[in-house]
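The chain contents come next:
Number of protein chains: 6
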Amino acid sequence: MTRPRHLIVRNIKRADHTAIDELARMGTATVHEALGRLGSTGPHFRPIQFGASIAGSAITVSCHPGDNLMIHAAIELCQAGDVLVVTNTAPSTHGMFGDLMASSLMARGVRGLVIDAGVRDTGDLRRMGFFVWSQHVSVEGTVKSAPGSVNVPVVLGRQIVNPGDIVCADDDGVIIVGRELAAEAVRLSQARRDFETATRIKLSSGQLGLDIFELRAKLTELGVEYVDQLDD
Amino acid sequence: MTRPRHLIVRNIKRADHTAIDELARMGTATVHEALGRLGSTGPHFRPIQFGASIAGSAITVSCHPGDNLMIHAAIELCQAGDVLVVTNTAPSTHGMFGDLMASSLMARGVRGLVIDAGVRDTGDLRRMGFFVWSQHVSVEGTVKSAPGSVNVPVVLGRQIVNPGDIVCADDDGVIIVGRELAAEAVRLSQARRDFETATRIKLSSGQLGLDIFELRAKLTELGVEYVDQLDD
Amino acid sequence: MTRPRHLIVRNIKRADHTAIDELARMGTATVHEALGRLGSTGPHFRPIQFGASIAGSAITVSCHPGDNLMIHAAIELCQAGDVLVVTNTAPSTHGMFGDLMASSLMARGVRGLVIDAGVRDTGDLRRMGFFVWSQHVSVEGTVKSAPGSVNVPVVLGRQIVNPGDIVCADDDGVIIVGRELAAEAVRLSQARRDFETATRIKLSSGQLGLDIFELRAKLTELGVEYVDQLDD
Amino acid sequence: MTRPRHLIVRNIKRADHTAIDELARMGTATVHEALGRLGSTGPHFRPIQFGASIAGSAITVSCHPGDNLMIHAAIELCQAGDVLVVTNTAPSTHGMFGDLMASSLMARGVRGLVIDAGVRDTGDLRRMGFFVWSQHVSVEGTVKSAPGSVNVPVVLGRQIVNPGDIVCADDDGVIIVGRELAAEAVRLSQARRDFETATRIKLSSGQLGLDIFELRAKLTELGVEYVDQLDD
Amino acid sequence: MTRPRHLIVRNIKRADHTAIDELARMGTATVHEALGRLGSTGPHFRPIQFGASIAGSAITVSCHPGDNLMIHAAIELCQAGDVLVVTNTAPSTHGMFGDLMASSLMARGVRGLVIDAGVRDTGDLRRMGFFVWSQHVSVEGTVKSAPGSVNVPVVLGRQIVNPGDIVCADDDGVIIVGRELAAEAVRLSQARRDFETATRIKLSSGQLGLDIFELRAKLTELGVEYVDQLDD
Amino acid sequence: MTRPRHLIVRNIKRADHTAIDELARMGTATVHEALGRLGSTGPHFRPIQFGASIAGSAITVSCHPGDNLMIHAAIELCQAGDVLVVTNTAPSTHGMFGDLMASSLMARGVRGLVIDAGVRDTGDLRRMGFFVWSQHVSVEGTVKSAPGSVNVPVVLGRQIVNPGDIVCADDDGVIIVGRELAAEAVRLSQARRDFETATRIKLSSGQLGLDIFELRAKLTELGVEYVDQLDD
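Residue numbers (my numbering), protein chains in the order written: chain L, 3 to 234; chain F, 3 to 234; chain B, 3 to 234; chain A, 3 to 234; chain H, 3 to 234; chain Z, 3 to 234.
Among the hints, erroneous ones may be present.
Since the list gives no way to pick one copy over another, a pair counts as held whenever it fits inside one copy or between any two copies.
To be verified - Only pairs whose alpha carbons sit at most 25 Å apart, straight line, appear in this in silico PhoX-like list of lysine-lysine: (1) Lys-204 - Lys-146; (2) Lys-204 - Lys-15; (3) Lys-220 - Lys-146; (4) Lys-204 - Lys-220; (5) Lys-15 - Lys-146; (6) Lys-220 - Lys-15.
These aren't lab readings, by the way, just hints derived from the structure by calculation.
Please put together the full structure from these sequences, using the hints given.
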């Protein structure tokens with residue numbers, strides 16, 4: 003392909019469902035840490051609800067700002083266990099998604115939406131139990147008149163999302179795990195979780211991170227000095 | 003009038019209460035869409051509570067930033083069913099409104115506040131059940147020393163608000179409906195709501211927006227191509 | 003001392019616990035107002051929970067952005083009734099604090115955290131009942147490799163925080179009360195609270211701030227004019 | 003009129019050219035101050051050039067974000083001495099205006115553009131000497147497919163702009179002077195300018211504002227205390 | 003590869019130099035428009051100088067925020083005609099690049115820098131004639147202690163940048179053209195430029211875009227009404 | 003002192019003029035780096051001019067937002083070689099300073115202004131050669147009615163500024179050097195400058211930072227791998 007085209011890609015590869023569900027249980031902070039602090043989309047995608055923790059396969063959408071035509075095209079390609087990832091070719095605060103589209107996605111078993119724009123009908127969405135992470139909440143509606151693409155690589159915050167990549171989202175935000183990293187991510191995250199559990203027990207009993215992680219020597223090496231009191 | 007003056011206007015025209023209450027039931031997204039996507043004040047006015055949905059007649063206030071003298075002047079002119087709309091002549095994050103003023107407004111039957119600044123005592127306001135949409139939450143208090151106006155046309159985000167215009171606010175934000183549009187807005191919003199209800203039923207049963215809105219032809223016309231798979 | 007150094011100061015002076023607890027009961031807006039509208043850190047520190055109202059002695063930390071080594075060093079110096087105040091030498095959105103550190107702080111009786119960066123594990127923190135005020139929520143984790151200081155004067159938003167100063171935080175944000183002002187702050191806040199209670203009763207019964215605060219004369223003096231109606 | 007409509011209004015009233023040109027010479031800060039600190043659109047409209055100072059009659063445009071169809075419609079209605087004012091129904095960073103449209107406007111004697119969005123071809127615009135104040139600079143181009151209005155009242159930042167109102171713009175930003183205030187604005191601005199000139203001479207010779215404006219008494223009255231030295 | 007690794011890739015494919023130089027002459031707005039409005043990194047990358055227009059092959063860098071170790075590693079791989087593209091794994095305002103690194107890059111014939119962070123020594127950089135587009139200007143310096151990657155795909159604003167992709171930058175911002183699109187981009191941009199030149203001549207002579215682009219019919223079709231005057 | 007008071011402190015200690023002038027010659031990036039990367043006020047204070055590089059003793063001012071009374075009080079206390087540092091008790095975009103005050107300050111030999119708010123008359127200020135670093139440019143004027151303080155410790159961005167501290171400002175922003183650090187800052191900055199000069203010569207001749215700073219070993223130690231090519 004040498005010319006820029008607008009494409010809707012029908013078939014994508016997805017990661018193993020067992021791995022995806024296990025990542026949902028881990029939470030974004032643990033997975034992110036386990037992968038060497040990779041995958042964060044940044045602090046600007048915020049949940050419209052508290053307490054949701056999901057993971058799913060990315061169906062990616064690239065829209066013209068303020069135009070939701072391509073979201074309609076994407077819905078047909080969604081399967082149970084997917085997460086819809088909507089991006090725009092320029093910044094937008096439009097409420098590009100609402101309760102009607104959520105009805106459609108819930109009928110297909112989609113687990114949630116991550117959108118680099120606004121969302122609306124947030125009261126209804128919370129009542130319906132449809133989970134959303136967005137940059138804005140806004141009543142500003144959209145048109146259906148400009149072309150775009152579905153299931154092509156897109157940029158979501160600071161990450162590239164390929165169709166079929168794993169989207170993990172909870173109260174802390176949204177991270178992306180490459181599809182081919184699924185098994186490794188589970189393995190590393192489980193190890194991380196076990197380490198965290200063990201550490202939590204120690205810390206709750208009063209042991210200090212300074213001692214557990216052997217940081218006292220590091221402080222000395224970096225030239226940090228202990229003094230009894232500031233003289234002012 | 004040829005010189006800029008500071009005015010407090012005692013009497014304003016209000017829209018019919020039945021129409022206002024009907025718009026509150028519709029929600030901002032439905033009304034905004036019904037009116038051809040007009041009236042949004044933008045994504046920056048956020049509720050301090052979840053689940054409130056109100057509409058009321060605007061009592062408008064124009065203040066000096068960080069000075070709430072004119073809010074005091076406005077309260078006297080409020081009636082049951084009104085919504086107080088507070089703006090500033092320059093950007094401000096001050097907490098210009100708190101629980102004391104809310105006590106006063108609740109005693110008069112005012113339905114809520116929209117303020118282009120900060121608000122404080124938000125814990126108390128939630129406990130009292132007084133609804134607020136603001137740009138900021140801030141403890142920073144105010145003085146009472148600069149003149150301003152009440153019930154003159156003001157700018158709220160991206161909208162002109164004339165005194166007596168209808169303010170609709172819910173979890174999605176704040177929209178303004180011109181007083182003279184009240185009946186038409188109700189009629190258009192009811193039609194929009196009925197359309198949404200019918201569409202929701204179809205979508206929940208698995209029909210696609212692509213088919214319901216006949217968007218497949220549009221995609222073709224715009225040159226969007228379906229492919230089975232991305233070759234990489 | 004003439005060279006910039008990285009210091010960990012072991013001993014600090016704290017204010018009287020009775021005074022601190024009384025300030026927690028007052029709430030930030032009342033204390034801020036009582037002190038002549040001083041002490042606000044500004045509108046950018048937001049709670050991750052609703053309804054918490056705390057006060058405590060500041061343990062101050064100055065970190066390199068995205069590096070939590072010095073937080074570990076600070077924990078050892080925390081006592082029951084303290085509040086941890088974490089700042090950075092440059093802006094950062096990193097989630098520099100999570101549930102592991104919170105376990106450690108809760109084991110020591112620390113009342114909460116104020117951090118000029120991001121926080122993560124927010125779902126867990128809410129479940130644990132550990133209170134946090136931050137600028138961001140973010141999964142982005144940190145390293146432990148750069149030096150900094152503990153219990154030196156730091157800047158938190160618009161305020162200088164000296165170790166041992168009183169940090170008050172609730173739904174409205176975070177304010178700082180100088181340690182040496184503790185008793186005076188309590189006295190002034192109690193007076194302010196009594197005044198607010200009396201005023202609230204009057205306002206709820208329908209009296210107007212215009213009359214209670216004698217603002218009608220002020221409006222006239224400032225040249226604000228009453229008119230019956232806008233002619234358009 | 004009771005239904006929201008999209009209108010292009012052919013004829014508008016303009017203020018007297020002599021008054022407009024005099025306001026351009028005064029500069030925005032002087033006019034703003036002379037009018038009692040009214041009319042500022044806020045700090046977000048920035049010039050793409052240094053040193054321009056213009057005033058003109060507003061031709062107002064309301065667009066759909068990212069769609070410049072209505073700007074084309076507006077150009078036909080522009081006359082020599084006008085300033086084009088472009089707003090959007092939702093926030094946009096699109097580069098909605100470039101050198102082609104500037105060629106068209108320069109052929110008609112238009113003095114500049116103020117746009118609540120982005121602008122592009124900024125290098126060319128500077129070379130052509132066409133003056134622009136915008137919120138953003140962006141290459142992101144637009145479509146021509148959504149309806150809007152020309153010469154209806156619009157909101158520009160914090161101001162209502164009626165068609166024919168006077169737009170003043172220079173290095174400090176953009177202010178709006180109501181058409182009916184033109185003569186009064188000139189009179190007040192000239193007085194302000196004379197006052198500023200006289201004051202500048204005094205200040206340059208070393209006299210203090212404290213004495214010229216008799217502020218020493220005010221400081222005392224407000225309880226500000228002079229001390230010789232801070233004891234620390 | 004299944005584990006996340008930190009890589010420095012020595013060899014990349016570059017586009018044809020003739021095509022790259024031709025795109026530099028076109029300017030970002032023309033190329034962006036010619037490609038169907040694709041490729042914009044968004045409005046947040048601003049030049050530190052006026053009047054530069056460059057294009058070059060991307061050498062991509064992924065750093066830890068506030069750490070410039072990987073920029074040092076990247077310099078060795080730069081050739082004449084390249085543009086350095088620096089990104090971070092989390093948001094940063096650090097001044098991660100200054101005149102020393104610019105000396106190094108100029109010695110290798112590098113055409114400029116695009117950085118998703120801050121830059122410093124901007125006065126020196128302007129004097130040296132080294133071109134930079136950045137998100138921030140900041141004195142805040144960096145450490146050299148965290149790993150990252152060179153010449154892997156990165157995210158720059160709203161775009162994926164693959165090593166060897168073409169970076170075009172001028173006063174309007176930064177766009178990315180896929181390496182494989184080089185020839186097509188030149189062809190489309192030349193056509194667009196010729197169209198713009200022809201249009202500019204017509205518009206400067208007073209013809210209207212309304213007529214040239216046949217927009218009058220579109221206005222009618224969209225229901226936009228012409229009226230002679232607003233009745234108020 | 004136990005009660006919050008508004009103070010104007012007449013006498014402050016200043017650093018040695020020779021040291022201050024030497025720091026101005028160094029530039030902010032060199033001084034900041036020499037002091038171990040301390041002192042930055044952050045990326046939000048921007049110059050209104052290009053090419054100025056100053057240093058001076060801080061005269062500090064704390065104002066109510068939108069009120070410049072205390073700036074007038076501060077001017078009397080300024081001496082040749084000082085830099086005026088203006089802060090607010092809450093965020094403000096007001097143009098709190100203009101050409102009249104600059105006339106007064108230039109008559110006293112003041113070297114510039116750093117202001118945590120807006121500035122206006124920027125065209126005039128550039129023509130007069132008075133240097134300003136601000137957060138905003140804005141025509142929005144101020145009143146003269148609220149008390150504040152002069153020459154007390156203030157917060158400027160991320161730094162505490164004590165009266166008499168050294169303010170260094172150039173195209174890269176503003177840094178603060180503690181008065182008592184003056185001699186040490188000069189010594190460290192000169193060493194840093196000599197190191198930079200030597201490094202610049204090496205880099206310009208084609209040597210690499212990788213070799214000069216011995217970073218190749220570090221890359222290996224951190225697990226960064228060199229590969230010849232990305233296989234895709």
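Which hint numbers does the structure go against, in order from smallest to largest? 2, 5, 6
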